[in-house]
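J.: First to last, the sequence lines map onto chains A and B.
Residue numbers for the first sequence follow our numbering, so the first one is 10 and each next one is one higher.
Residue numbers for the second sequence follow our numbering, so the first one is 93 and each next one is one higher.
Don't read these hints as lab results, they were simulated from the structure.
Glycine included, C-beta positions come from ideal geometry on N, C-alpha and C.
Worth double-checking, as some hints may not be accurate.
[Claimed, not checked] One side of the interface only, derived from the structure: several residues of chain B facing chain A at Cβ under 7 Å:
1. R135
2. T137
3. E141
4. R142
5. I148
6. A151
7. L152
8. A163
9. A178
10. L186
11. V199
12. E200
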Amino acid sequence: MNRRSHAVSSTPVRHDDPGLQPERTLLAWRRTLLTLIGVCILFLRWIPPFGWVALLPVILSLLAGILIQIGLNARYRKSARGMTQERIPPPLREVAVLGCTVMVLSLVGIVAVVSG
Amino acid sequence: MNFPEPGNVIPPGTPPASAPVTPPERDRLSASLLGGGCEPDPRFTLANERTFLAWIRTALAFLAGGIAVEAFTSDVFSPGLRRAVALSLLVLALLVSASACVRWLKVERAMRQRKPLPLPVLVPILSLGGALVAAGLIVFLIYGAS
């Protein structure tokens, strides 16, 4: 069995897309999660001026990152299977979780800066 | 260069191994949000997903910029200016992430109904916002430092 595909999922999903779209999408999710973790670490710098309240956005972004990471393998398998079936369910839940997380993080930042 | 996962890719031309065309049932929330229409090409769905992720990364970059300005520039900027720059970056992050979600949904709907894709509202917001922040900083560097 291919070792690399074993790392992605327990049973390799075969698809015939020469453009490797499911793989590219998986990597795009990974890049985004990496950026989210970077932002999460930057929020640690707010602990000295704002106090331990600054841990709230850190915990929030970590939780969202873990949640998305858990669902990512299933999403990859769904999209790889969808390439052969010619239909992919739209990733409504993932988009909602990630979008709301980033919006809430920006709102927390705005409130913190405005209230000083 | 070979494909990164040669074992995973069926060479083009071979018929798909499994062909059960029973559509996966969608729950009521996504059905009401996406509306009717027929399923788009799966490549388009994935491309829309990647575009959304690229916008979200842009928003995260603005967010990181805002956090960094607030945390690290107390020696460089006066408190008022620091607050203004951080605030405008954070507001840009909020706008970009919100409209990324809206645009993802709009594009998904348009693709299902075979309609033309909506115009990106995000692009003028982003370029105008970035230009305003940059112009504010230039004015500060010329007049504010003296």
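J.: Of the hints given before, which are not true for this structure?
T.: As far as the earlier hints go, only 11 is violated by this structure.
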